[in-house]
Amino acid sequence: MKKLIVIAATAFVSLASFANVDPITGKVLESFRTEFADAKNVQWKSLDDAGLFQATFSYRNTELSAFYDAEGALVATARYIDKSSLPIMVAKSIQERYPEHVMKNVIEHIANGVTTYHVTLHGVKSSMIVSATPAGQLSIFKKVKHKL
Amino acid sequence: MKKYIATLAFVTLSFTATFANNIANKSRNVDERVEKSFKKEFASAEIESWSRTANDLYKVQFTLNGQVMFAYLDDSGKLVGVYRNILSTQLPISLMTELKEQYNDYWITTLFEVANEGTTQYFVTLENADQQLVMKSEGAHWTVFSKNKK
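Which chain is which? The protein sequence lines are A and B, in order.
For what it's worth, my numbering labels the leading residue of the first sequence as 1, then goes sequentially.
For what it's worth, my numbering labels the leading residue of the second sequence as 1, then goes sequentially.
This is chain B alone, in the form it adopts within the complex:
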């Protein structure tokens, strides 16, 4: 499970803006098994588009309860995970407070919630003039996921 979350986070962080091969609008060219699996999992979702990530996962953009979300599925239709971009005010209070108190000299460039059946985690990318930090939530606290000097 941890492996899936890490993979999903990596995929999301790396390819959110650059994923290639937009394979279809709506359900065209999507394996029937995959589409069926998604619709079973998210019965009331409105599908916006399907695409294929660089590491061979299906990515579907959809709207649920008025919110835009993204789900990753493998070729067998297994749901690898689902994520949505959120505002810092939508974080649990403990995570929001820790960000504001301990990283107040950074700005947030991305913030998203990743979920699958067993876990919900938050990932935030923070930047200042010198470095980029990617943090992930562990319960009520943040831990460093990756750190890069600019």
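Next up, chain A with everything else stripped away, as it sits in the complex:
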């Protein structure tokens, strides 16, 4: 399960290309409709290597992605959020640790009831994706050094 969650997070963060899947049937669709009855503009993709299915849709005025395994179990959800929605300690930790970087995209990722924030930071010397717990513990998810 942990591996699947990491794959779901990686897929959302890296915007990896997937095969479009249409239509999704059976357990996955049933589970999705139960969980997100009000979903609109649903688009499905499959993550073949991991055996996951990703639904991207509008839900309660937000764009959301949900990741399911083949048995219809919801593995994770992810969405882009505004910087102002980051918990206080996350914003504080990032500002303290990376004062020279500018915060770009922020993703809220929830799996097994655990919320993680993936924040894209751009700086002159490097860009990176930092993962944060709601309490502000940071780890580098991915880092790219810029050629000067």
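What the hints contain is simulated information worked out from the structure, not anything from laboratory work.
Mixed in with the good hints, there may be bad ones.
What the hints assert, rightly or not - Dumping the calculated SDA-like pairs for lysine to any residue here, alpha-carbon to alpha-carbon at most 25 Å:
hint	chain 1	residue 1	chain 2	residue 2
1	B	K39	A	V102
2	A	K145	A	M128
3	B	K78	A	T133
4	A	K83	B	A45
5	A	K40	B	N104
6	B	K149	B	N104
7	A	K83	B	K149
8	B	K136	A	T116
Once you have looked at the hints, place chain B on chain A.
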């Protein structure tokens, strides 16, 4: 830690609007240790005002990243916690959805995020014609913190 969060939530819920003894503007009359401790913790914060709560904590209102926040410190300068009022749209999606699905016959009167070093929690006060509910977040779900009939 849990005790601190509960204390902070109680203080915030009880005294947000009514805390007494606004002791100073800016840093006047604030213990130097307390002010130093705050500035160390929130180096880029812009302090708006200091006040004293009814249960002897310092409360400082400040702006950080363009957002108004409040921190509580004890007499030794130890940060008890920090909170900010938020909109329901700023909640994690699981908490926002649960509120809308399970408490759609209530309206929100207060909603704030409470944080200290180890935890981040959300508290919401919900009301309908008959009762007032205060809920706190536990991970991705809400639990009842207090319930009062009107």
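Comparing the hints with the structure gives:
The straight-line distance between the Cα atoms of K39(B) and V102(A) is roughly 23 Å, inside the 25 Å bound, and the hint therefore holds. The suggested pairing of K145(A) with M128(A) holds, with an alpha-carbon distance near 8 Å, which does not exceed 25 Å. Our distance criterion of 25 Å between C-alpha atoms is met by K78(B) and T133(A), whose separation comes to about 23 Å. The suggested pairing of K83(A) with A45(B) holds, with an alpha-carbon distance near 17 Å, which does not exceed 25 Å.
Our distance criterion of 25 Å between C-alpha atoms is met by K40(A) and N104(B), whose separation comes to about 20 Å. With a CA separation close to 18 Å, the supplied pair K149(B) and N104(B) stays within the 25 Å bound. In summary, the hint linking K83(A) to K149(B) is not supported, as the alpha carbons are separated by about 37 Å, beyond the 25 Å threshold. The straight-line distance between the Cα atoms of K136(B) and T116(A) is roughly 19 Å, inside the 25 Å bound, and the hint therefore holds.
Violation of the numbered hints given earlier is confined to hint 7; every other hint is satisfied by the structure.
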